[in-house]
Amino acid sequence: MSQRLAELAATTDLAADPVGFASDPWWLILFKAVLVFAFCVVMTLFAIWWERKVVAWMQMRIGPKHVGPQGLLQSLADGVKLAFKEDIIVKAADKPVYILAPVVSMVPAFMAFAVIPMGGQVSMFGHQTHLQLTDLPVGVLYILATASVGIYGIVLAGWSSGSTYPLLGSLRSTAQMISYEVAMGLSFAGVFLYSGSMSTSTIVGQQGDTWFAVLLPVSFIIYIVAMVGETNRAPFDLPEAEGELVGGFHTEYSSLKFALFFLAEYVNMVVVSSLATTLFLGGYRAPWPITAVWDGANSGWWTLLWYFLKVQLFLFLFIWLRGTLPRLRYDQFMRLGWKVLIPTSLVWLMLIATVRAMKNEGYDYRGIVLGIAGAIIAILVLSVVWDMFRGTDDEEEKAKAAQPPPGAPGAAEPFDPMAGGFPVPPLPGQELPPVPRRAVRRAEPVGAMVGNGNGTGSADDESATDATDKEV
Amino acid sequence: MNPVPPTGGSVLAAAHGPLSLVQDIDWAAIAPPLAVASAALVVLLADLFLSGPRKVWLAWLSLAGLATALGLLLPLRGGGRATFCAPADPATGGPPACSYVVSDLTLVLQLVLIGSAAVVVLLSMPMTAPRPWADESGSDRAVPGGEYHFLLLASVAGAVTLAAARDLVTLVVALETLSLPAFALVGLRRDARGGEAALKYFLLSVAATAVLLFGVSLLYGATGAVHLDRIAAALTTLDPKLDTVAATGAGLVLVGFAFKVAAVPFHFWLPDTYRGAPVPVAAYLSVVSKTAGFAGLLLVAGIGLRPYAHVWGPALAVLAALTMTVGNVVAVRVATGSGDAVRLLAWSSIAQSGYVLVPFGTAAGDGADLADRLPASVAYLAVYAVMNLGAFAVVATVGRDRPTGVVGDYRGLVRVRPWLALAMAFFLLCLAGLPPGLMGLFAKVAVFQSVVAGGTGWLAVVMAVNVVVALYYYLVWTALLFQPPVPGPPPVAGDGEAAGTLGSGGTLRVPAPFAVAIGLAFGLGVVLSVAPQIVLRVLTVPGLLG
Amino acid sequence: MTAHGYFSTYALVGLVLLVGGGFVSVAFAANRLLRPHAPNVEKLMTYECGVDPVGEGWAQTHIRYYIYAYLYVIFAVDAIFLFPWATVFADPGFGTTTLVEMFVFVGFLAVGLLYAWRKGVLTWT
Chain C
1 MSQRLAELAA TTDLAADPVG FASDPWWLIL FKAVLVFAFC VVMTLFAIWW ERKVVAWMQM
61 RIGPKHVGPQ GLLQSLADGV KLAFKEDIIV KAADKPVYIL APVVSMVPAF MAFAVIPMGG
121 QVSMFGHQTH LQLTDLPVGV LYILATASVG IYGIVLAGWS SGSTYPLLGS LRSTAQMISY
181 EVAMGLSFAG VFLYSGSMST STIVGQQGDT WFAVLLPVSF IIYIVAMVGE TNRAPFDLPE
241 AEGELVGGFH TEYSSLKFAL FFLAEYVNMV VVSSLATTLF LGGYRAPWPI TAVWDGANSG
301 WWTLLWYFLK VQLFLFLFIW LRGTLPRLRY DQFMRLGWKV LIPTSLVWLM LIATVRAMKN
361 EGYDYRGIVL GIAGAIIAIL VLSVVWDMFR GTDDEEEKAK AAQPPPGAPG AAEPFDPMAG
421 GFPVPPLPGQ ELPPVPRRAV RRAEPVGAMV GNGNGTGSAD DESATDATDK EV
Chain L
473 MNPVPPTGGS VLAAAHGPLS LVQDIDWAAI APPLAVASAA LVVLLADLFL SGPRKVWLAW
533 LSLAGLATAL GLLLPLRGGG RATFCAPADP ATGGPPACSY VVSDLTLVLQ LVLIGSAAVV
593 VLLSMPMTAP RPWADESGSD RAVPGGEYHF LLLASVAGAV TLAAARDLVT LVVALETLSL
653 PAFALVGLRR DARGGEAALK YFLLSVAATA VLLFGVSLLY GATGAVHLDR IAAALTTLDP
713 KLDTVAATGA GLVLVGFAFK VAAVPFHFWL PDTYRGAPVP VAAYLSVVSK TAGFAGLLLV
773 AGIGLRPYAH VWGPALAVLA ALTMTVGNVV AVRVATGSGD AVRLLAWSSI AQSGYVLVPF
833 GTAAGDGADL ADRLPASVAY LAVYAVMNLG AFAVVATVGR DRPTGVVGDY RGLVRVRPWL
893 ALAMAFFLLC LAGLPPGLMG LFAKVAVFQS VVAGGTGWLA VVMAVNVVVA LYYYLVWTAL
953 LFQPPVPGPP PVAGDGEAAG TLGSGGTLRV PAPFAVAIGL AFGLGVVLSV APQIVLRVLT
1013 VPGLLG
Chain Y
1019 MTAHGYFSTY ALVGLVLLVG GGFVSVAFAA NRLLRPHAPN VEKLMTYECG VDPVGEGWAQ
1079 THIRYYIYAY LYVIFAVDAI FLFPWATVFA DPGFGTTTLV EMFVFVGFLA VGLLYAWRKG
1139 VLTWT
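Quick mapping for you: the protein sequence lines, in order, are chains C, L and Y.
Letter by letter, the first sequence follows residues 1 to 472 of this note's numbering.
Letter by letter, the second sequence follows residues 473 to 1018 of this note's numbering.
Letter by letter, the third sequence follows residues 1019 to 1143 of this note's numbering.
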């Protein structure tokens, strides 16, 4: 145990680096803290511009171009404009909470940045220092914690607005974030299994040979999906679903407070991208072909470049997703989170733990791989067989259920969508005719991945009623 | 381990040595509760994949799990096994203290608990799987079978663990494992009455838990130990300044357990809870839950707080006297008033708790002679389990077709179902302590002997008076069984004594599981009446309290 | 790492919080100085798609949010239990027993998830 502690202490001190984190002079620490904030704000401004530009290109438009070169200052102008706008606090709002909510949403997003290693050791004003503000032994756990605190901001914003749409939007948002946080946490566990530490700098240090994205592909993919869900970005941007909820939790916010929510969203994007970089893509380390030809790539300020490029890669992924994918339905979204991501990550975690344990016990690597591949194939075959049998049962039951009992009120009168010359919703007891889109939904990848393998699950029943009693 | 020399001093490493990071566990010792808990999980999983009439398998699975647990008790017969031990304390030089001990006391209690639970499962069968035994009407209104059996087994696992627990933390955790599912069980039928009952039970029970935890923390603070034997050792050499703290802690812990066993004045939840719960759940609460509560009391008072016997002895004596008296007096009032059968049994079970508490009341001094007194409680508990379960089984049977559930329903039962009436008469006479219900009589005599030997004369007098008072309602009920049915049309339901008579009111169905349950209790009752030494042997086992 | 160094890493987190607070206060103060302030009744009215709001904005919400909150608490707490296990798992002295124990633990989790799944809790209706 004590060796373990000593070892932990050694690794968290970044054994390779002679400079500790506590050895910086106070002014340098303060400067770095302010720098972190500045970096976040600049990244936000840049990301907004970049997003608008990329989406515009994807849609054969030009995008912002008037303010500054290539419209680069457009988001800065927007930000300044927001700060100059009138601040309205609606009468029904719970004022202290209403003001506090954007702060609670934004500050944790910045705080998470404190443990992100943005680069290696550099020289700053003549001092050797790390491009990382602080290195907690439980750094990743800390990021999870700050992310959870950030959710409070959204809940409180929705609640304190005293308005229905924000309340519903915030509830949706919360349910969504907490659902994906579980999967996110489970994907972290795989990383800890390999790194033996929760400290971000140690995790980066452990990826000197191989990135964890290569060692843990499933964890990586789960994290990518969870991080998009966690930040409420397309295709998981249901809380802001403009068509249903006006604007979601920030409907009643204006001026700077709205800007703070905006800022929080983009800083969160940068944080989860940085975390993905740190945990899976080797952090600030240069990618392989570069290190092979250039020894100095992993030293000094160059590391910041690699970090920045990798984060940009993820930001581009965010934008790309937004530009291409339509928004999911809420039930599809929740199904993906609870029925696909969480079970998959649990199984994956135990799989890699078993492999590691067997390796530690000295089993032959190829034997392990073959055994596990065999087990997976067996389970897949079993599940296919199971689905084939169960699927027929389901369809029979559904066919039975679809037959309305004789004498039911709706049975006699079929639904006329244009009764009286107007489009009308179905009355109680009436049912919508089958939606033509149903066939499309069946082939949807999300539906196909889920338990009811042939995609004829309950979701199709719901889709019929979904349009009628849209409940939030 | 790795070659890096330890830099920081670590107590953990020193205590465990380099490679003993994983604790050794005596799996055979903990097998019975483990079997019950695994059965609970299996039932929960099976529920997800069984549908319709196949749900009846859940009850069979539960029974199988309990039977396995009973079977796993066999290899433990010799006793003297322990696991989850803290190593010998180098500071005080005390011996190793174990959290889980399989002693003779543990085995007796676990036998009673698991056996009673099996009978409760039998009683719940028509309720959880109506298809083979009944329609879905009346008192057989279905409760969700999977959840019911899962909760029941989870609760039993807690009870079985509690009987073997030898430290305060394990005791509290086991007690909560026992209680939490029980709240849900009470309200599982999801009607207004059940909800009220569950809420009452829950609120008072969590209050009791809070009191108990407070007491535990005080005891731990005063003695620095959680293991019962270490607490006892520490109490004998306690700094007098801490005496008040320890005594307060002891008092609060005992109050917490008094809630669980429903000793007066901590009994308020009991009658309404029994009445609102499904009858099998009431039987469960009155037998398994109560036995487990007494087991906890027995362990804490008899082992941990033994040096404080002079403190808690007189207090529990008063509690016992109050419990007996209030239980019996109210039971008499119920018998002459509404005549509600379950309520009557509820108050009768409070009175019976009083009898079990009587041997505790004889404690005095530093508890040197506790080992001679307390086994009488164990014997009484075992006998009480048989007779009370039998009575509840008959009430459950009759209650299915006579939903009014009053004592008047039993008028003329002997004409309709002679064996049922005979069994009920036997159980009631056992509870009263009259021949031919000899096992009840012997158990009462054992308690009486212990109180006389302990020199607490007034408690003996109170108990004697109470036994006589109790004769009234038991005998009235017994007599009803043999009275001719009232002629004429079946009267309106809920009409007290005059309600639904069996002779004229149609048939009375006895589902097979009920018949088996009643038969088991009856057979066991007869055996114990003929050969009471089977149970009374616990009185002579040396060192029962360990 | 010394105890002093250990605590100072956390003190830095507090520093970030302070800087964040400063950032927000400065922003709020500047905003207050710069923005116009001309409220009227209609501006202060809760937004309701263009019609006058009726009743309170605090609507009763569906019970399923509550269920998901419960599920989250269960699974998040359990996931947190996995973390320390994962960090020490490969160290000597733990071995296969630790793995089996975690299988049992995850098995419990899986049973809980399976239960919720089969009972239809995970299906958003």
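In case anyone wonders, no lab produced these hints; they're calculated from the structure.
Even for Gly, the Cβ is constructed at its ideal location relative to N, Cα and C.
Hints may be right or wrong, so weigh each one.
Label-pair restraints from in silico Cβ distances [what the hints assert, rightly or not]:
1. C:Gly-68 with Y:Pro-1110: 55 to 63 Å
2. C:Trp-294 with Y:His-1080: 55 to 63 Å
3. C:Leu-35 with Y:Ala-1047: 21 to 29 Å
A quick look at each hint next to the structure:
no., hint, verdict
1, C:Gly-68 with Y:Pro-1110: 55 to 63 Å, "holds, 59 Å"
2, C:Trp-294 with Y:His-1080: 55 to 63 Å, "holds, 57 Å"
3, C:Leu-35 with Y:Ala-1047: 21 to 29 Å, "holds, 22 Å"
The earlier numbered hints are all upheld by this structure, with none contradicted.
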